[in-house]
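Q: Chains as they are written, first to last, in the UniProt record's numbering: chain A, 1 to 276; chain B, 1 to 265.
Keep in mind the hints are simulated off the structure, nothing from the lab.
Model, not experiment: these values are computed from the prediction.
A couple of the hints might just be wrong.
Below, computed lysine-lysine pairings styled on DSS-like, alpha-carbon distance capped at 25 Å [stated by the list, open to error]:
no., chain 1, residue 1, chain 2, residue 2
1, A, LYS3, A, LYS220
2, A, LYS120, B, LYS11
3, B, LYS78, A, LYS34
Listed below are the residues making up each chain.
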Amino acid sequence: MSKLWNNYRYLILRRFTQIGLLVLFFGANAWGWKILTGNLSSSEILGVIPMSDPYAVLQMVAAGAVVATDLLIGVAVVTLFYFIVGGRAFCSWVCPINLVTDSANYLRRVFDIDRAQKTKQPITRNMRYWILGLSLLVSAFMGIAAFEFVSPISMMHRGIVFGMGFGWAAIALIFLFDLFVLKNGWCGHVCPLGGFYSLLGKFSFIRVHHLEENCTLCMKCKVVCPEKQVLHMIGKESLPVLSGECTNCARCIEVCDDDALRFSIRDFIQNKKMGE
Amino acid sequence: MKKEALSDRRKFILNMARGVGYAAIGGFLWSAYLDDAKASPLILRPPAAIPEDDFLKTCIKCGLCVEACPFDTLMLAKPGDHRPIGTPFFTPRETPCYMCEDIPCVPVCPSGALDESSVTVNGHLDINTADMGLAVIDENSCIAFWGIQCDACYRACPILGQAITVEYSKNERTGKHAFLKPVVHADACTGCGMCEHACVTEKPAIFILPREVAMGKAGSHYIKGWDKKDEARLKNAHAIHTTTNVSKKKAVDKLNSGLEGLLDE
Numbered sequence: 001m002s003k004l005w006n007n008y009r010y011l012i013l014r015r016f017t018q019i020g021l022l023v024l025f026f027g028a029n030a031w032g033w034k035i036l037t038g039n040l041s042s043s044e045i046l047g048v049i050p051m052s053d054p055y056a057v058l059q060m061v062a063a064g065a066v067v068a069t070d071l072l073i074g075v076a077v078v079t080l081f082y083f084i085v086g087g088r089a090f091c092s093w094v095c096p097i098n099l100v101t102d103s104a105n106y107l108r109r110v111f112d113i114d115r116a117q118k119t120k121q122p123i124t125r126n127m128r129y130w131i132l133g134l135s136l137l138v139s140a141f142m143g144i145a146a147f148e149f150v151s152p153i154s155m156m157h158r159g160i161v162f163g164m165g166f167g168w169a170a171i172a173l174i175f176l177f178d179l180f181v182l183k184n185g186w187c188g189h190v191c192p193l194g195g196f197y198s199l200l201g202k203f204s205f206i207r208v209h210h211l212e213e214n215c216t217l218c219m220k221c222k223v224v225c226p227e228k229q230v231l232h233m234i235g236k237e238s239l240p241v242l243s244g245e246c247t248n249c250a251r252c253i254e255v256c257d258d259d260a261l262r263f264s265i266r267d268f269i270q271n272k273k274m275g276e
Numbered sequence: 001m002k003k004e005a006l007s008d009r010r011k012f013i014l015n016m017a018r019g020v021g022y023a024a025i026g027g028f029l030w031s032a033y034l035d036d037a038k039a040s041p042l043i044l045r046p047p048a049a050i051p052e053d054d055f056l057k058t059c060i061k062c063g064l065c066v067e068a069c070p071f072d073t074l075m076l077a078k079p080g081d082h083r084p085i086g087t088p089f090f091t092p093r094e095t096p097c098y099m100c101e102d103i104p105c106v107p108v109c110p111s112g113a114l115d116e117s118s119v120t121v122n123g124h125l126d127i128n129t130a131d132m133g134l135a136v137i138d139e140n141s142c143i144a145f146w147g148i149q150c151d152a153c154y155r156a157c158p159i160l161g162q163a164i165t166v167e168y169s170k171n172e173r174t175g176k177h178a179f180l181k182p183v184v185h186a187d188a189c190t191g192c193g194m195c196e197h198a199c200v201t202e203k204p205a206i207f208i209l210p211r212e213v214a215m216g217k218a219g220s221h222y223i224k225g226w227d228k229k230d231e232a233r234l235k236n237a238h239a240i241h242t243t244t245n246v247s248k249k250k251a252v253d254k255l256n257s258g259l260e261g262l263l264d265e
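Okay, chain A solo, but in the shape it has when bound (with noise of 0.2 Å):
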């Protein structure tokens, strides 16, 4: 049992925290509870602490909006908690999306879809910088946050809080190409919200720590890891994982049976002796 409980800690937590908020903010528009409410693009804590999609923000700023104080505030909180835990710490812990593309993974493991799928993988996990940069050339053109009207991450939030309509059609979408088409497709290849936390995160002191004297060289943590291109350092180095690409999901932590993987508060002097 506890061992079950060591393997899957951060999961559990994982889930508890993105189920519990799809319930706290359905709660606000079904039953009227006033702990969380609005939806991942802007929302109230409790009424009085405002939180809102600073990524949302800059393509409204793009488009030409005059910006309320109440959203500057509000992308202020949101940016600077991200700055903290893990700007992609969003991705693993809060977007519903992440529920659907982990259990798209999850089938590709047990089906084993990535052994089939010889090819390598055709698209670049740059992609999403340049659908970012592109999201905000077009808000700026077309005058309305571009991103926002086909977002399926919204559609997904707001459809389980006010109504789901077709809404379920860019889920199955992107759980199908998930499964099927790319490995990690969305979340790591095309999310420009998830580009735009990378950024952030880049900074953030929350880090994944790797300690090359415990490790066995199992590779566990790259099976499970949405980004593996940050775990470059396992087996050879004892290094942070830097990239702000890393969700902090920590289920490399969980699977790692030689502790040789755990979080750390990010140690700046250390980096800058390793010439980061």
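Dock chain B against chain A, hints included.
A: Chain B alone, transformed into the frame defined by chain A:
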């Protein structure tokens, strides 16, 4: 003949060019979709909504207004609703705006897409100044215009007697009955849709359209001479005289000069 390997510089430039090319294709497709997605002029917004173009820029689609609405009037557009996705709207025939005095949907808006100052008069919220749309009557299907007595819309109107009045006129067909025809007054109507909700016909004979869709425009060159305020627009007006070669001479001279002169010019 063996080809020389591409230099790193050339590879980089080519890859960037490909990236830009893909981005251009994506950008065009994306823009085309957005252009289509935001083109729905008949959508009704919550009270105090800023003009549609700015609204689409400014609304962050958080649904706080929807949650604040006690009557479940407001909805967020879902995929498949054929409205700009995620933005709030209402459908009066199903649930109209009940014009709450404290307008709970407006102050909660974090983005300014609902502008509290536009419904504030002397420091107090006044829902009667809201402008969600304008009621339009189809006189052909309105049974009151047939001579059947119905004042459902008039009774339903929250600013009864101002936004909708009833006009009496003689029914010449029967000779002994009166028409009680509803008339909408554009200056008072807020577009709440209570009339559309109450209308007894199968498809409502009175319905709300966004104001800019429902109203015509006479143009600024028509002046109501009987209206002091409208007449005042003439105060600093001055005539514009255009002189052409033809208008230099008097008209009579022109006529006397014969055809050659006319044809020359």
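Q: Take the hints in turn and mark each one as holding or not.
A: Hints, verified against the model:
1. LYS3(A) - LYS220(A): holds (16 Å)
2. LYS120(A) - LYS11(B): With Cα atoms ~20 Å apart, LYS120(A) and LYS11(B) stay inside 25 Å; holds.
3. LYS78(B) - LYS34(A): The hint holds at about 23 Å.
The earlier numbered hints are all upheld by this structure, with none contradicted.
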